[in-house]
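Assemble the dimeric complex from its two separately framed chains, guided by the hints.
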Amino acid sequence: MRRVSFVVAAMLALGTASAARAQGLVVGPYAEFQSGFTVGSTVGGLFGGEAGFSANTFDIYFEGGKMLNTKSSEMDAAAATIAASLGQGATFEASQPTNYFDIGFWYKFPTTGKYQPYAGIGLGSAGVTRETKFFVNGSDITGQLPSMGVQLGGDLQGSERGFLFTVGGGARIGLTGQLFADVSYRYGHVSISDGGVNTNRIQFGIGAHF
Amino acid sequence: MKQIAIVMSTVVLIAASVACSTPANPSATKAGSTAAASAASQAASEADAAGRVVTDALSGVSMTAPAPLTPTDGQAFKYADQPLTLVVKNATTTGATPTYTFQVAGDAAFGSLVFNQEGIAQGAGANTSVALPKLAGAKTYFWRARATSGTTVGLFSAARSFNVGPEVVLQAPVLASPGSGAAVSGTISMVTNNVQRSGPVTAITYRFDLSNTAAFSPALASAVVPEQSGTTSWSPNVTLGAGTYYWRVQAFDNASGVSSPVSGVLAFSYQPFDLHQATIVSSPQDFANWAETAKITSVQFFGDSFWVDFDRRTGPNRWPDVPFGDGSLEYTLGMCINKAGHWYCSAVVQFWFERDLGASGVPSHVNFEWFYDFARWGPMTGYQPEEGETVGLFVCAGDCRNNDAGDRSYVKERSNVAFVPWSNSGNGFFTFANGRRTK
Numbered sequence: 171m172r173r174v175s176f177v178v179a180a181m182l183a184l185g186t187a188s189a190a191r192a193q194g195l196v197v198g199p200y201a202e203f204q205s206g207f208t209v210g211s212t213v214g215g216l217f218g219g220e221a222g223f224s225a226n227t228f229d230i231y232f233e234g235g236k237m238l239n240t241k242s243s244e245m246d247a248a249a250a251t252i253a254a255s256l257g258q259g260a261t262f263e264a265s266q267p268t269n270y271f272d273i274g275f276w277y278k279f280p281t282t283g284k285y286q287p288y289a290g291i292g293l294g295s296a297g298v299t300r301e302t303k304f305f306v307n308g309s310d311i312t313g314q315l316p317s318m319g320v321q322l323g324g325d326l327q328g329s330e331r332g333f334l335f336t337v338g339g340g341a342r343i344g345l346t347g348q349l350f351a352d353v354s355y356r357y358g359h360v361s362i363s364d365g366g367v368n369t370n371r372i373q374f375g376i377g378a379h380f
Numbered sequence: 248m249k250q251i252a253i254v255m256s257t258v259v260l261i262a263a264s265v266a267c268s269t270p271a272n273p274s275a276t277k278a279g280s281t282a283a284a285s286a287a288s289q290a291a292s293e294a295d296a297a298g299r300v301v302t303d304a305l306s307g308v309s310m311t312a313p314a315p316l317t318p319t320d321g322q323a324f325k326y327a328d329q330p331l332t333l334v335v336k337n338a339t340t341t342g343a344t345p346t347y348t349f350q351v352a353g354d355a356a357f358g359s360l361v362f363n364q365e366g367i368a369q370g371a372g373a374n375t376s377v378a379l380p381k382l383a384g385a386k387t388y389f390w391r392a393r394a395t396s397g398t399t400v401g402l403f404s405a406a407r408s409f410n411v412g413p414e415v416v417l418q419a420p421v422l423a424s425p426g427s428g429a430a431v432s433g434t435i436s437m438v439t440n441n442v443q444r445s446g447p448v449t450a451i452t453y454r455f456d457l458s459n460t461a462a463f464s465p466a467l468a469s470a471v472v473p474e475q476s477g478t479t480s481w482s483p484n485v486t487l488g489a490g491t492y493y494w495r496v497q498a499f500d501n502a503s504g505v506s507s508p509v510s511g512v513l514a515f516s517y518q519p520f521d522l523h524q525a526t527i528v529s530s531p532q533d534f535a536n537w538a539e540t541a542k543i544t545s546v547q548f549f550g551d552s553f554w555v556d557f558d559r560r561t562g563p564n565r566w567p568d569v570p571f572g573d574g575s576l577e578y579t580l581g582m583c584i585n586k587a588g589h590w591y592c593s594a595v596v597q598f599w600f601e602r603d604l605g606a607s608g609v610p611s612h613v614n615f616e617w618f619y620d621f622a623r624w625g626p627m628t629g630y631q632p633e634e635g636e637t638v639g640l641f642v643c644a645g646d647c648r649n650n651d652a653g654d655r656s657y658v659k660e661r662s663n664v665a666f667v668p669w670s671n672s673g674n675g676f677f678t679f680a681n682g683r684r685t686k
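Chains as they are written, first to last, in our numbering: chain A, 171 to 380; chain B, 248 to 686.
So here's chain B without its partners, still in its complex pose (with noise of 0.2 Å):
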């Protein structure tokens, strides 16, 4: 027994110093292998802690990279589609669930990371994303994912490439009339100067909000009127009451997805016109029962005159004219103003067949070219609508001023009355389409 002893304990010292003596079998690592599973495979190469010479550790598991769905290879993005998420299909692994890395960066050879994230937990599904931060615009991004299962490190998946668009900033739309507190009747136009912007906007659009209340709700009207030059108007088909009226506009640029802030809120006074209830001055005094057989068509401001159009001044329909002196009349301009809350009317200016629209006066000196005289104009006389003031403007077939009868016009018509803002400055272009403001 004592042999025995002695030999197997020289058997062990043998096959142990052997074991433990033998050099690394070299084994080199199959073609495609990546870095980093050379880099495993030198560490592992190293003796380990139980004395086990690897050449090339057996320990790693197998995997595939995952596969990019989203955004597809080249896609483009507009800026504010932001932010973006990226979506890989799951690795498939012979080890431990794995987690991911995802990575983007500027440059193809992916030098410069912009977003590096590590060990995302693996969807629940097929699939696993990740949120990505807001990116810079204007700027082609690669993206690309790999997944880590245990302490093996996988292939990066293959790279793709996306486009965030420029960014577009629009500004606040800054309203413009009805100012705040302002009393507005008749056609309500709203009007907002054009947002100030950067970045390549393509078209804008603005939504007008109507409101009988300050928070919005519930809207009266809204509507998405294009952006028009210098400012946008919009005039709301809705009938209103008399009332206090909120209103606000929001600028979008479609085709970048990009919206403005909401514009500061307005609040503006409606008082509803009935030309029942306004004083008619020194013209027909039943003139407000006079057929409305005409619209105003537009209103034109210049520095010296103002035009106002109607659609039965010309052509074959046109009001007959009525004997003047020597001559005819057409029709009469007239003009409603608000003085003190209240409505006053009168029909002043005579107009005969194809007379040029600019004799209807400058602007700036209504209040001595039109009510120029108190005992015909009375409450009128000298009234000069200030800059911006709503005014309303008509017509009425033969010749109305200085007649309180009527009597001098054959058909007893008259046209709508159209409210524009006045404008002694001789600003302002206004159409209207069946007696509605539609610029």
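Only chain A is shown next, with the shape it has when bound in the complex (with noise of 0.2 Å):
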């Protein structure tokens, strides 16, 4: 932790610095509060959070959030087979939230207007969790299927981190005074075990300079 402090703390000194030569729409630090949705083989809800200290042309940030539902049509089919091979009409529900948190960096191409367009890259971690439940006639039967000899595997259940890479861009919107708006579009890949997880995040935040 003191090694992440200490470059923490020269990051901050270098957009300090840069502020000094601010062209961008604001510099300083600011934070904003993230909403959406995930979109892939389902559409899924995310809320979030970003911090970080705007310089001249770039942004350092730390972003963190959830992805309620990254799940992928694999795991829907594996679902219905073992849906199938249950009998009785079984249905299932099958969700896989992802809780993230990555540090990048965004470039600000130059602009003259209200609106700050951005893009860059962030790296950090994913926690992927795979859930899978079943019902007959209504009842959830999870918790009676390894008695029913069903055996659910990582593709239906657990959990799993992972090193996360996002790749991204957007717009921010000066409003009044302090506050922004914030929409953007970031991709990220989580690897884990099987192969890993793509996630594409269409963003919408709100946030405020200091």
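Please note: incorrect hints may appear among the correct ones.
Chain B stretches covered by chain A per the calculated footprint, using a threshold of three residues with CB under 8 Å from any CB of chain A [to be verified]:
no., stretch
1, 339 to 349
2, 389 to 402
Cβ-to-Cβ under 8 Å is the rule here; a few derived chain B residues that face chain A [as the list claims (entries may be wrong)]:
no., residue
3, 307
4, 308
5, 309
6, 310
7, 311
8, 312
9, 356
Label pairs and their in silico Cβ distance ranges [as the list claims (entries may be wrong)]:
no., chain 1, residue 1, chain 2, residue 2, range
10, B, 344, A, 378, 53 to 63 Å
11, A, 318, B, 385, 48 to 58 Å
12, B, 344, A, 343, 53 to 63 Å
13, A, 314, B, 386, 50 to 60 Å
If you're looking for bench data, these hints aren't it; they were derived computationally from the structure.
Keep in mind the model is a prediction, meaning the values are calculated, not measured.
Each residue gets a CB set at the ideal place from its N, CA and C atoms; glycine is no exception.
This is the structure we're talking about:
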């Protein structure tokens, strides 16, 4: 942690130095709340936050949040296979919530208007959890599956944390005072043992400079 | 740009440091997961080669346990039903086609496995099966199966039990008569000693085969006969010509499904008996032409006599008496013996109505109580049948002793000639129905 603190301090110092030559919309520390959704085989909500320091031509940021469902079509197919084997018209609900955080860098494109477009990358970590429930006649029978000889594997349940790479871009729009709005798209890839999870976040944020 | 490069490097360092040093996110395995799954989870919880921190590997596949089909739970098998085959409905898996493990144990906890085979390929259809080796009898077994898809080991199916009945062993029958090389005439009666056996035998039957070839192809006659006391016999209902014949016996315990080895094969020569070809000695010379109106019904040997009975000895249809001295005679008991390949027959012992059947004489005294006078019995004089020798017995109506003319019989009727193995020791009881030996 001491090493991390040292590096962060160094970054802030660099950002401050750059702020003296700031040409962008706003310079200095900022924070914002984000919400939106993920798109893929299913659409799921998300919420999170981002804080950072805006320098003249770039931002250093830290973000974290939770994507409520990033399940793949393969997960649905696997759940359907098991449900079919149960018979009795069994149904299922599958979800794959993903917690994430990353630290990154936004390059701010030169602009003179009220919009500040940016693009960049981030690196961090994400925890992917798979949850699948099975129902017969509306009753949750997930807890009874072992006694029914059904073993759910990692493709339908469990969690794993992996390395997160994210890349994306967006634009901030100045509002009144210190407030700003943020619209962005961020692609992410979580490296876990079954080949990884790809996420596509479309986010809407509102924040403030300090 | 230099600033950017520095910042980027810093960001990468920080992120990598954080990602790699983040403690594992505790993620409890869901309730109901198996110990195997837990073990896999624990193993996966360790950092892998790529440096990822894994709390609960997501690479495992989901699957159902194979469903046992046969044997059904508690099914009872005869020992002879083995080898048994275990059949399961294939598991469903979200991963690769699974292989199967089958286990059979002597206890419900599967602590004492008697069979454990892994890596059995999934069957082509909906089911997968495995044949078991022969299991010990009189025992209850438990069996189960599980599937393995890739590295993921599935749950065992629910255990089922089955029972293998006690082992029944039947030794090969030992044939009694006719013995190897024996000469047989008349009704053939094949006699086997009852088999030695072990285990809970219920009802044993014997299959007799008769053929004119040692390979029993073709078989002339076969029959399945319930076991009798001590020995079991069968008389084939076929007409045989002169020649060599072969016979064999196999025993079966139908309840256990066990069969014995086939007995050894014995050969005997059969000479059809024709009364017209026999030499009638000191009895009516046209005896062969007398009407056969009676049937021998039983022959029983004792140490001091042998009893020959027939169906017209008593009753309203009995043969009429003929005068004899101050009394009368109903019939005369006779015997046919085979001497040097030729049959000789003579009626010797006279019976009046209701005379004791034991008046026939001592079996071992035939040579001097029956054929004692050369002047009358010529080639039969002094002849004593050997133990087991085939001898024909008959009766003729009236007084046939010393009567070549046959003029002391009102009806000139006779019985069939019933053939039995002679018993000087007085052992043997034979019954007949319609002239055929039944015991």
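Here is how each hint holds up against the structure:
1. 339 to 349: holds (count 4)
2. 389 to 402: Answer holds; 3 residues pass the 8 Å Cβ test.
3. 307: holds, 3 Å
4. 308: Holds. Min distance 4 Å.
5. 309: Since the shortest Cβ distance to chain A is 4 Å, the answer is holds.
6. 310: holds, 6 Å
7. 311: holds, 5 Å
8. 312: holds, 3 Å
9. 356: violated, 18 Å
10. 344(B) with 378(A): 53 to 63 Å: Distance hint for residue 344(B), residue 378(A) holds at roughly 57 Å.
11. 318(A) with 385(B): 48 to 58 Å: For residue 385(B) against residue 318(A), whose Cβ atoms are near 34 Å apart, the range 48 to 58 Å is violated.
12. 344(B) with 343(A): 53 to 63 Å: holds, 55 Å
13. 314(A) with 386(B): 50 to 60 Å: violated, 33 Å
The structure is inconsistent with the numbered hints 9, 11, 13, although it conforms to all the rest.
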